[in-house]
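Chemist: Each chain, written out:
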Amino acid sequence: MSKIIASAAIRGAHKIVERAEKKYEEALKKWGPNQEVGFPNTAYYLPIIYAILGVPIQKLGDVKPVLERTRSLLPPLVKERVNLPYLGPALDAGMAAFFAEEIIEAIRYLEHPNFYTKQEDPLPDNIWLGAADDVIFRKRGVEFVDGTAPGFAAIVGAAPSPEIAKKIATELQEKNLYVFMCAENEGKRFSEQLVEAGVQIGWPTRLVSFGPDVSAAVFAIGFACRVAMAFGGVKPGDFRKNLIYNKDRTFAFVMPLGFVSDEWYANAAGAINWGFPTIADTPIPEILPTGVCTYEHVVSNIPHDQIVQRAVEVRGLKVAVAEVPIPVSYGPAFEGERVRGEDIAMECGGGRTHAVEWVTSRPMDEVEDGKVALIGPDLDQTESPGRFPIAIVAEVAGRQMQEDFEPILERQIHHLINYAQGVMHIGQRDIAWIRISKGAVEKGFRFSHLGKILHAKFHQDFGAIFDKVQVKIYTDKEKVDQILAQAREVYQKRDIRIEGMTDETIDTFYSCTLCQSFAPSHVCVISPERTGLCGAYNWMDCKASFEINSTGPNQPVPKGEVIDPRLGQWKGVNEFVYKASRQKVDHYNFYSLMYDPMTTCGCCECIAAVLPMCNGVMTVNRDFPGMTPCGMKFTTLAGSVGGGQVTPGFVGHSKYNITQRKWLVGDGGIKRLVWMPKMLKDEIRERLIRRSQEIGIPDLIDMIADETIGTTEEEILPFLTEKNHPALSMDPILE
Amino acid sequence: MSDIEKKSIDPATIEMIEKAHIDGCETIFDRADVMKPCPIGAEGSCCKHCYMGPCRVPAPKKKEGALEKIRRIGLCGATAETISARNFARMVAAGTAAHCDHARGVAKVFLATAKGEVPEFQIKDEQKLYQVAMDFGIEIGDRPIREIAIDIGERALAEFGRQEGELIFLKRAPLKRQEIWRNLGVAPRGIDREVVELLHRTCMGVDQDYQDLLISAARCALADGWGGSMISTELQDILFGNPVPILGQVNLGVLKKDEVNVVVHGHEPLLPEIMVGVLNDPDIQQAVQSVGAKGINLAGMCCSANEILMRHGIPVAGNFLQQELAIVTGVVDAMVVDIQCEMQSLAQVAKCYHTKLITTSPKAKIEGAIHIEFEEREAQKVAKKILMEAIENFSNRKTNVEIPSHVADMVVGFSHETINYLLGGFFRASYRPLNDNIINGRIRGIAGVVGCNNARTTHDDPNLTLIKELIKNDVIVLTTGCAAITSGKAGLLTPEAAKLYAGDGLASVCEAVGLPPVLHMGACVDNSRILMAATAVVKDGGLGDDISDLPAAGAALEWMHEKAIAIGHYFVASGVFTVFGTVWPTTGSEPVSRFLFEELENSLKGKWGFEPDPRKAAKLMIEHIDKKRKALGIDRARERVLFDMAKRRELDAA
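From first to last, the protein sequence lines stand for chains A and B. Going by this note's numbering, 673 is the number at position 673 of the first sequence; the sequence numbering is gapless. Start counting at 1 in the second sequence, then tack on 1000, and there's your number in this note's numbering.
This is chain A alone, in the form it adopts within the complex (with noise of 0.2 angstroms):
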C-alpha cells in the first residue's frame, strides 16, 4: 500500500462507512427494525456480510451489529509525517466499506424496489441489473467452476470514449473474462458506453452492468464470496478461508478507468483481501510488491491498447486464446449473444428452413484437412434477411477415430458456432437454428467461415482423437435434404445403441474431476446409466476426454467387486475416490439418496430430496427459483449439499438422469418421484412418458405434483392420494 493510497482508502472508507450509518437510521425510522432486507432471491443474505462474518442479515435490526463491527475496523486516518502502518489498516477499511456498501445497497432494495432490473438482461429503460439472484449466480457460477469462465473484470467508472469501451470490453470478453460495471468518471459510465457502441449487454454476453455507482462493487465481490461458499465448500464466517479461496481461484482484478477517489481506493483496497489486484490507466502511485495479491498489488498508468493484456498478466492468469481464422470475435463470452429483428442478415433452420448438422467418419485418403466446402449459394448472394435451408457435415478421419466419438464432436458444433460473435446457434442435429448478424456479414463473415471455426476448435479441443478434417456446407435444398436423410438414419442408430449401454455391461466408469479447480473434495464418477450432475458429460464423452488428454480430469476408475448392487456400490469406485477426494470421502453410492449418496460439486442441474410424509422424492432443477416441498429452495439445498460432502436424503443428479433406469433404483426409481416443478417436467415431459411405459405406469407424469399443486407435503399429499401415486403403497423410504 503507497501511503496516498492507504490514506486515501481510509478516508474513502469513512465516507462511505457513515453514508451507510446515516442511511440505516433513516430505514429504521422509516420501516422499523422488523422489515425485512435483502438482496432478491438468494440464499447468501448480503453475501460479503455472511461470508465474512457469518451474519444472515435478514431484518433491518440485523444491520446495527453489522455497522457498529464496520465502523470499529475503521483506522485513523494515516497522519502526514511518522505515520503507523498502514497496510493492514487499509486492507481493514477497505473491507468495511464493502460492508458499508452493502448495507447501502441492500436499503437502495427497499426504498427504490425497482432500481434494478433483477434478471439476467438490461430493460429498455433501465440497465442496472443490481445483484445477481442464486438463478443467475448458479447458473454463471458453473461457468467459474468448469474454467470457462477464469475470472472476472471489476470496471469501475467510464473509458475515454464509447469505442474505447468497446475495444478493452471484446478484448476481455475474448479472454473469457466477465465484465462487472459500476460507477462513473465525469458523468460517464463503461455500462453506457457499450450501449451507445452498439455493445449487447447483459448477463448472456458477460458484460454485467451491476449499478450506476461505486457501491455496485459490492455485486461483484459478493459473487465471488458466493462462488466460493457454494462450489467451494467454504463455510460462511470463515472469512480467511474465503479470500484465500478466492485469491487462489477466481482471476478477478478491478480496472478503475478515470480518476480515482477516495471512494474507489477504498473499493480498491477491500479488493485487495480477496487478492483480486488494481489495474488503473491513471496514474496513481503502484504497490509493486507481493504479498497479499499474488503479484503486485496496484499497477498503474497502462495506456487502454495494452490494459486487458498487463491485467491478465499482474492476476497470474493464463487464458489460451482460441485463434480461429475468422473476420468477427470469438470466445464463450460471446455464446449469449442474440441475433434478432433488422439485425438478421440470415437465418437457416428455426421451422423455417431445414437445417442439420452430422459429424461422421471417414477414410484417411478421403479427407483433405482444413478443407471446407460451400455447396451452394453463400451469404452476400440475397437479400437480407435470407433464409436458407443449412446442412453442415463434418467428415473427420484418423487413427484414433471412433464411431462413438462422431456424436461428441457433433454436439460442439453448437457452442463452437455460438461462440463467434454475430452468430446465434440453436439446437442441434436435425432441429439446429442458426441466425447470422448483418455487422457479422459486413465483417467478412461467410458460411465458409462455420467450417474454419469447426476446423480450428476440433483440432484445438479434440485433435488427439482425429487427425484430418474437411467441412461441407450445403445451402442447396436438394443437397441439404438428402443429407437430413442420411443424417436421421444415423441418428437413430445411434440412439439405439446408447439407450443398450448399461452399467453392468460396463466394466470401466469415468471419474470427473473437472470442477476441483473450485470444489476440491468432490468427485463424480460417471457410469452409463448415471451421468454427470451437471448435465454436461456423459460416459462417452468422459471416455473421449480420457483419449483426447490421458492425465486430464477424466479418468478411468475400473469398478472393481461388486459391493452392493442395489445401491450401486463398487470397491475400485470407492478406492478412486478415497484417493480423488484427498481422504475426505472413503465411499458412496450411485442409484440412492437415502444411503450415502454421491458428492456434488455445486454445479448440478437438479437436486432430489426425500419426502418422508410422501414417502417418496422430489427433484428441483437450478433453474426454478421457488419453494419447494422439502422446505428448501435450490440455492439452499445447493448450499447444504454442495461443496464434495456425501449429505443422505439428498442428490445432485442430471435433468436427463431423471429418466436413466438406474436414476435413484435403490430407494426405488423412479416411482417415488411426487413433485417436480412443472417447468422441468415439460422439459423433460416426452422421455418421460416413455420412461412411464416402461416401468408400467403410463400416466405417472400426470400423478407428479408440481407448484401448480403444492410446494409443501400437506399441499401434496391429498393430490398424490386422490392420484393413487405409487410411491405411497411403497415400503417406507425412511427405514
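Worth flagging that the hints you see were computed from the coordinates, not collected in a lab. A couple of the hints might just be wrong.
[Stated by the list, open to error] Below, computed lysine-lysine pairings styled on DSS-like, alpha-carbon distance capped at 25 angstroms: (1) A:K139 x B:K1647; (2) A:K318 x B:K1539; (3) B:K1539 x A:K241; (4) B:K1472 x A:K3; (5) B:K1472 x A:K241.
[Unchecked claim] So these bits of chain A aren't anywhere near chain B, every CB distance computed over 12 angstroms: (6) K64; (7) I272; (8) N273; (9) I302; (10) E323; (11) T505; (12) Y595; (13) L728.
Think of the CB as a built atom: it goes at the ideal place given N, C-alpha and C, for glycine as much as any other residue.
Given the coordinates of chain A, assemble chain B onto it according to the supplied hints.
Modeler: For chain B alone, kept in the frame of chain A given last:
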C-alpha cells in the same frame, strides 16, 4: 575529531558530557579514559574459580609453539581452553539467571493477578492469554479467564523448577529445530536446573572439556531464550497488552524544564506500568501544581523505557550510556531504578545535582540511594509515594540546568503478532508478504541488531553504522534493547527513514506497508519476539524449514552485559549467525573461538562471529544472508507463473 567527539555520535550525549565536565561531575566516559580493561580478563584467560589461583594463562603475542601450549595451564591443569570456555559459560549462566529471575518475578505477579491477590494488576490481553493457554496445552473451553490464567501462571512458574522433560515453549520452534536440539541433547529440562548445572560444571574440577562446556552453555542459553525470556515477554503482554504500533519520542530532549521529571530506569515493567496509571491521579496533579511545576513528565531509560514506550508511548530519555547524563541535565527530580544495568555511579552523579536516586527492587540496592521497595500488593501506593518524592524534589533544583534540544520521533511496538496483522489486516493477517518479498529479493534478508552500549567504543556508532549499512543493502532490521534506542535517536524508526536510508527494494516494501526499515520489537528480554518472528517466517513457508535456513543474521556490536552473551548464545543455538563487536571474551583460546565461530555450525547450524568494524560486520552478515539465499535457490529472479484451470485443480483444498 576531538576526544569528546570520539565518545559518542549522539549530539545530546556529547553536550551532556561537556556539561558534566563543566559541572565537575565524573561520568563513565571519564573513567573509561582512566582505567583500561584488564588484558588477561578481557581475553578470558584468567581463572579464579578456585583460590589456588587466580591463574593467568594469557595467549602469547606471537603464534604459540608446543611448549607454550603446555605452559598455558592453571595449577590444577585446566587448559587455556577449559578456562576460556568456563568463563564464557559462566557469563551465559549469569545472563540467563538475570533474564529468568526477572521472568520469575513477572510470573509470580501474573499468578497473583490471576488469583485476584493484587487488584491493581489486571489481565489486559485476552487474545494473547488464549494463545499462551493453547501453547501450554491448557484447556480453554468455556472456562472463565481467571481459571485459565491461574493455570498459565502455575504452569509458567513450574517451568523454573522443572526437573525433567523439556520446557513447554520449545514446541513453538520449527520442528526441524526441535529435532536438532533433541539430537544434541540441548533441549533444556528446566530453567533453574540449567543455570545451576552450568554453574556446577564450571566449578573447579568438574567439566574440563571445552566443547562439552560450550554445548552445555547452549542448553542453558536456550532456557533463557525459549524459557525465561519468552515467559516474561508473554506474561507481560497478557498483563499489560501486546504491543501494537505507537508513536514515541526519544533522547534527552524529552526531559522538560518546567515539569517534574521522573526517569524510570532498569528492566521490569511492573512498577513503571503502575506509575503510568497514577500520573493523572488528583493527589499527584495537585501536588505538582503546589510546587509550581507545569506537569509531571515520566520518561524511560534503557529497557524499562522500552517496555512502557511500546505499550504507552512514554518518551525515552536515552540508552545505557546516557543514564548518568540524564541526571547531568539537572532537571531529573527522581531516577527510579529496579534491576540490571543501573550503574552504581548514579548515586555519585545524583549528588552533583539535586536528583533523588530511588531503588525499588529488594534484589538491587545501591549505597547512597533512597530505597522504596516495590510491593505488588500496594503497587499504587508505592508508585504514588515515589512520584511524591520527585515532586517534592522539584523545588530543590540547582541553577545548572541544561536540556539538550535533541528529540526524535519514532514508531515502535512491533510484536511478532502485530507484524502478522500489519502485513495483511485483520482478515488476511500473515507473514506471506514478508516471505514473498524476501523470496523475490526486494528484501535481501532479516537481521536482528540488539544489545547494549559499551564505553569501550564510540557510543551508538557501531550499531548505527551497522544498521544503516544493512538497510542500505535491503536487509530489514529487527531491534531491541539499547540498540533500538540508538536507532530511534538517529531517526531510523520512522517510515520516512526508508526512503532516506534503505535500498530501493526494502524501501518499496516499507512504503507498501508503511513501515520503518528498522522495527523496534521491545526490551532486551523481548528478543524472544525475534525468535518467534523468525519462526513465523519459517512456518509461512518458502524459506526452508528451520531458522538456520533463513537468509538472516544477528548482531550486538556494542555488547557489554553477560545477558548479551546469553542472548547471543541462544540465537546461535537457534540457528542464527550472530556477530558481536567491540571485544570478544574468548580471544585467549584459539580452539574455543574456532569452535564458536566455525564448528558449532556443524551441529547447531548457527555460529558466532566477532568483528569490531561495523562495516565489515555488515559485510559478514550480508555474505551469510546471500549464502542462505543461494542455498534456498532464491538468489536468481523467478519467472512469473501464470495459472490456467488445470493448475488450479492441482491446488490443495483451500
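Chemist: Any hints from earlier that this structure breaks? Give me their numbers in increasing order, please.
Modeler: Numbers 2, 5, 7, 8 - these are the hints that the structure violates, sorted from lowest upward.
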